[in-house]
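Colleague: Residue strings, one per chain:
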Amino acid sequence: MPERTILMQGNEACSEGAIAAGCRFFAGYPITPSTEIAESMSEKLPRVGGKFIQMEDEIGGISAIIGASVGGLKSMTATSGPGFSLMQEGIGYACMAEIPIVIVNVMRGGPSTGLPTKTAQGDVMQARWGTHGDHFLIVLAPESVKETFYLTIKSFNLSEKFRVPVILLLDEAIGHMREKVIIPDYSEILTEDRLVPIVPPQWYKPYEITTDFVTPMAPFGSGYRYNITGLTHDEMGFPTSKESEIISKMNKLRDKIMRSSSDIVDYEALFTEEANTLIIAFGSASRSAKEAVQYLRKHRRKVGFFRPITIWPFPEKPLQRIIKKVDQIYVVEMNQGQLIDEIKKVECYHKKIFGINRYDGEMITPNQIISKIREAK
Amino acid sequence: MTQPLVLNYLRAKKQFPHVWCPGCGHGIVMGSLIRAIDKLNMSKDDVVMVSGIGCSSRMTAYVDFNTLHTLHGRPIAYATGLKLARPELPVIVITGDGDAIAIGGNHFIHAARRNIDLTVILMNNNIYGMTGGQVSPTTPYAGRGSTAKAGNPEHPFDISQLAIAAGASFVAKTTAYHVPAMDRLIQQALNNKGFSLVEIYSQCPTYEGKWNKRGDAATMLKFYKDNAVPVTSKSKFSEEELKEKFLIGVLHHSPKGEFTAEYQKIIEKYQIQEQMSKLSQQKGKNEPEAIGQEKKRSDTED
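Protein chains in written order, with our numbering: chain A, 1 to 377; chain B, 1 to 302.
Incorrect hints may appear among the rest.
Stated by the list, open to error - Have a look at the derived ranges for each label pair, beta carbon to beta carbon: (1) Ile272/B to Val196/A: 50 to 58 Å; (2) Arg321/A to Val19/B: 48 to 56 Å; (3) Asp341/A to Gly215/B: 57 to 65 Å.
As the list claims (entries may be wrong) - As a list, the in silico BS3-like pairs of lysine-lysine whose alpha-carbon atoms are at most 30 Å apart: (4) Lys225/B to Lys149/B; (5) Lys352/A to Lys324/A; (6) Lys205/A to Lys146/A; (7) Lys324/A to Lys118/A; (8) Lys249/A to Lys146/A; (9) Lys213/B to Lys193/B; (10) Lys205/A to Lys245/B; (11) Lys146/A to Lys278/B; (12) Lys290/A to Lys249/A; (13) Lys213/B to Lys180/A; (14) Lys249/A to Lys193/B; (15) Lys242/A to Lys222/B; (16) Lys290/A to Lys344/A; (17) Lys249/A to Lys44/B; (18) Lys278/B to Lys180/A; (19) Lys317/A to Lys242/A; (20) Lys39/B to Lys225/B; (21) Lys249/A to Lys13/B; (22) Lys302/A to Lys249/A; (23) Lys149/B to Lys245/B; (24) Lys242/A to Lys14/B; (25) Lys344/A to Lys325/A; (26) Lys14/B to Lys205/A; (27) Lys149/B to Lys222/B; (28) Lys298/A to Lys344/A; (29) Lys205/A to Lys180/A; (30) Lys44/B to Lys205/A; (31) Lys252/A to Lys278/B; (32) Lys252/A to Lys236/B.
No lab work stands behind these hints, which were simulated from the structure alone. Glycine residues also receive a C-beta, built at the ideal position from the N, C-alpha and C atoms.
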């Protein structure tokens with residue numbers, strides 16, 4: 001497909017990105033404000049020979065995409081808060097069984113049914129710690145419609161590369177906002193496919209501990225007959241309760257992500273070299289934060305800006321380097337303060353940290369940020 | 001004769017001894033399923049077996065197919081995704097009464113409604129065995145279990161009737177006693193293009209038998225023998241007599257459009273449209289296509 005310039009919604013950009021990344025299966029359940037992703041996938045997928053199914057609930061949605069991924073297709077689902085809660089058990093399964101899937105969560109106000117049509121960023125911690133047990137996964141958060149397109153592709157690439165569920169955190173504002181996106185020719189897009197085994201079936205160990213902790217994955221029906229289970233398993237994929245095997249499995253799940261975290265983490269840093277005040281924001285809130293940074297700099301305030309693009313793994317090291325040089329930190333979030341906890345964990349220089357929060361369902365404004373920072377001094 | 005045949009399909013060296021208690025009916029079902037698969041000459045590399053959580057669902061670890069042991073209640077949902085992704089593979093779901101009808105009831109009825117080509121082998125032992133004998137949605141009224149020691153105040157589901165009402169195209173019932181019939185019914189279910197259910201009464205002497213004083217496995221099997229009425233000889237019994245008994249055999253068979261085949265038609269529809277639009281673009285015509293994108297955008301902008 002040649003290059004196209006389109007005015008599109010964040011949700012549409014997400015499904016465009018999915019198709020460009022090679023997604024060929026979608027299962028989901030309608031929920032505001034993510035429904036447009038399902039709607040557009042229901043048309044886009046059959047055009048490219050892919051499959052779409054509207055399941056009976058979100059649990060069915062995540063289960064079906066895991067099944068399809070085991071069958072060898074790049075798969076995704078899209079949902080919002082309540083549906084994301086229902087999916088947590090399935091996310092844990094995909095972590096344990098190392099099934100690549102992509103879950104899009106278009107955040108809305110919570111808890112519970114909350115504010116279906118309003119925006120929020122309240123699922124930061126749930127995205128990381130929603131399912132039970134120790135687990136490691138990847139969470140990305142775009143700030144614009146264009147970035148939604150590219151991060152959707154990145155989500156698929158990372159999930160295929162590391163055999164891990166990847167969560168794309170949009171919010172209502174980005175999902176429903178319309179912006180110009182230049183969609184490049186698909187042949188110019190770098191896509192990653194999961195490794196498939198090259199050894200003969202009798203030598204294949206579906207969960208072998210390899211040097212980079214990622215094991216090639218054979219799709220079902222390709223001659224490699226093996227077992228997949230959510231029970232803690234050995235290298236052959238069979239349930240185990242031996243201490244040594246449990247530990248090596250748990251370490252494999254951790255190390256395949258954490259040892260590659262410097263390759264995975266992505267962030268944006270602006271004017272941090274000569275700043276004494278640092279503003280940190282992610283997702284749609286960073287649009288207002290950037291505006292505020294520009295304004296404050298015009299008024300001769302030494303303000304820098306940092307935006308984690310991968311929220312998990314958290315860009316600890318680059319942020320630590322920046323924090324070292326500033327005096328105070330403001331964390332802008334559309335929730336009562338979630339990412340700020342992570343920054344407090346990273347920050348070990350006893351700097352002042354303040355939260356600038358808004359959680360009434362509306363976008364945080366540059367004015368709100370500017371006045372908060374001016375108040376402080 | 002039969003033993004070597006079954007061994008061909010088991011992960012005999014790796015996964016045994018199994019977790020099933022002495023006298024459990026699930027092993028009988030596994031043997032029957034293997035014989036049916038063998039009879040139909042299905043390739044081990046093709047057969048996909050998906051199970052949930054529970055005693056019955058442990059079967060997937062023992063058989064040498066593509067096996068997927070999923071979450072409690074979700075095997076049918078996983079299988080739906082897998083089947084739609086790879087329609088050419090035969091997908092068998094191994095489940096139990098708690099797994100499929102309690103926690104997974106929603107997926108069960110919706111898969112039946114879609115008539116997706118899954119073969120569901122449901123082992124019904126009227127109890128939760130793996131967690132130690134709690135009552136299930138098929139425990140009879142006044143039946144006992146560790147969570148209903150004074151008798152079950154609830155009424156049970158009739159799983160086969162539920163599947164028929166939900167739209168399954170093939171529904172059969174049998175018991176762990178009626179093994180040759182079970183072999184045959186599973187074969188028929190595997191051959192049916194669409195959602196097929198084989199409900200199998202499988203005895204649980206350890207919990208169901210103990211709580212309800214049903215005796216040992218042999219006595220429980222004899223109960224199945226004495227109380228099962230083949231659906232073909234239903235007319236020989238009066239209504240009153242039938243109330244005490246249960247019907248076995250093919251209870252329902254009415255083929256209808258299978259989901260993955262129906263979906264293939266959708267794909268073809270869209271791909272024809274796609275080619276038409278390419279052709280008209282090549283000719284230089286600027287006809288807006290009747291398809292989603294362009295139209296929807298102008299709608300919402302208005």
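Colleague: Each hint needs a verdict: does it hold in this structure or not?
Modeller: Cross-check of the supplied hints:
Evaluation of the 50 to 58 Å hint for Ile272/B and Val196/A yields a failure: the beta carbon distance comes to about 32 Å. In this structure, Arg321/A and Val19/B meet the distance hint of 48 to 56 Å, their C-beta atoms being roughly 53 Å apart. Asp341/A and Gly215/B have their C-beta atoms about 60 Å apart, which keeps the hinted 57 to 65 Å range intact. With a CA separation close to 27 Å, the supplied pair Lys225/B and Lys149/B stays within the 30 Å bound.
Simply put, Lys352/A and Lys324/A have alpha-carbon atoms about 12 Å apart, close enough for the 30 Å limit, and the pair holds. For the hint pairing Lys205/A with Lys146/A, the CA-to-CA distance comes to about 40 Å; that exceeds 30 Å, so the pair is violated. For the hint linking Lys324/A to Lys118/A, the alpha-carbon distance of about 36 Å lies beyond 30 Å, and the restraint is violated. Between Lys249/A and Lys146/A, the direct Cα distance comes to roughly 38 Å. Violation of the 30 Å bound is thereby established for this hinted pair.
Under the criterion of a C-alpha separation no larger than 30 Å, the hint pairing Lys213/B with Lys193/B is inconsistent with the structure, at around 41 Å. Distance hint between Lys205/A and Lys245/B is unfulfilled; the C-alpha atoms sit about 49 Å from each other, more than 30 Å. Our distance criterion of 30 Å between C-alpha atoms is met by Lys146/A and Lys278/B, whose separation comes to about 26 Å. For the hint pairing Lys290/A with Lys249/A, the CA-to-CA distance comes to about 42 Å; that exceeds 30 Å, so the pair is violated.
Restraint check: the Cα-Cα separation between Lys213/B and Lys180/A comes to about 72 Å, which exceeds 30 Å; the hinted pair is violated. Proposed proximity of Lys249/A and Lys193/B is contradicted: the alpha carbons are some 40 Å apart, above 30 Å. Proximity of Lys242/A to Lys222/B is assessed by CA-CA distance (about 41 Å); at most 30 Å being required, the pair is judged violated. About 22 Å separates the Cα atoms of Lys290/A and Lys344/A, which keeps this hinted pair within 30 Å; it holds.
Distance restraint check for Lys249/A and Lys44/B: the Cα-Cα separation of roughly 28 Å lies within the 30 Å cut-off, and the hinted pair is therefore satisfied. Of the pairs offered as hints, the one joining Lys278/B and Lys180/A holds, with about 24 Å between alpha carbons and a cut-off of 30 Å not exceeded. With a C-alpha separation of about 36 Å, the suggested pairing of Lys317/A with Lys242/A is violated against the 30 Å cut-off. Annotation: proposed proximity of Lys39/B to Lys225/B holds, straight-line Cα distance about 25 Å (limit 30 Å).
For a cut-off of 30 Å, the pair hint linking Lys249/A to Lys13/B stands: about 22 Å separates their Cα positions. Straight-line distance between C-alpha atoms of Lys302/A and Lys249/A comes to about 47 Å, which puts the hinted pair past the 30 Å bound. At roughly 25 Å between alpha-carbon atoms, Lys149/B and Lys245/B fall within 30 Å of each other, so this suggested pair holds. Proposed proximity of Lys242/A and Lys14/B is supported: the alpha carbons are some 15 Å apart, at most 30 Å.
Using a Cα cut-off of 30 Å, the hinted pair Lys344/A and Lys325/A holds, with the two alpha carbons roughly 16 Å apart. For a cut-off of 30 Å, the pair hint linking Lys14/B to Lys205/A stands: about 14 Å separates their Cα positions. Between the alpha carbons of Lys149/B and Lys222/B the distance comes to roughly 25 Å, so the proposed pair stays at or under 30 Å and holds. For the proposed pair Lys298/A and Lys344/A, the alpha carbon gap of about 29 Å is at most 30 Å, so the pair holds.
For the hint pairing Lys205/A with Lys180/A, the CA-to-CA distance comes to about 47 Å; that exceeds 30 Å, so the pair is violated. Distance check on the hinted pair: Lys44/B and Lys205/A sit about 18 Å apart at the alpha-carbon level, within 30 Å; holds. Simply put, Lys252/A and Lys278/B have alpha-carbon atoms about 48 Å apart, too far for the 30 Å limit, and the pair is violated. For the suggested pair Lys252/A and Lys236/B, the alpha carbons sit about 63 Å apart, so the restraint of at most 30 Å is broken.
Comparing the model with each earlier hint shows violations of hints 1, 6, 7, 8, 9, 10, 12, 13, 14, 15, 19, 22, 29, 31 and 32; every other hint is respected.
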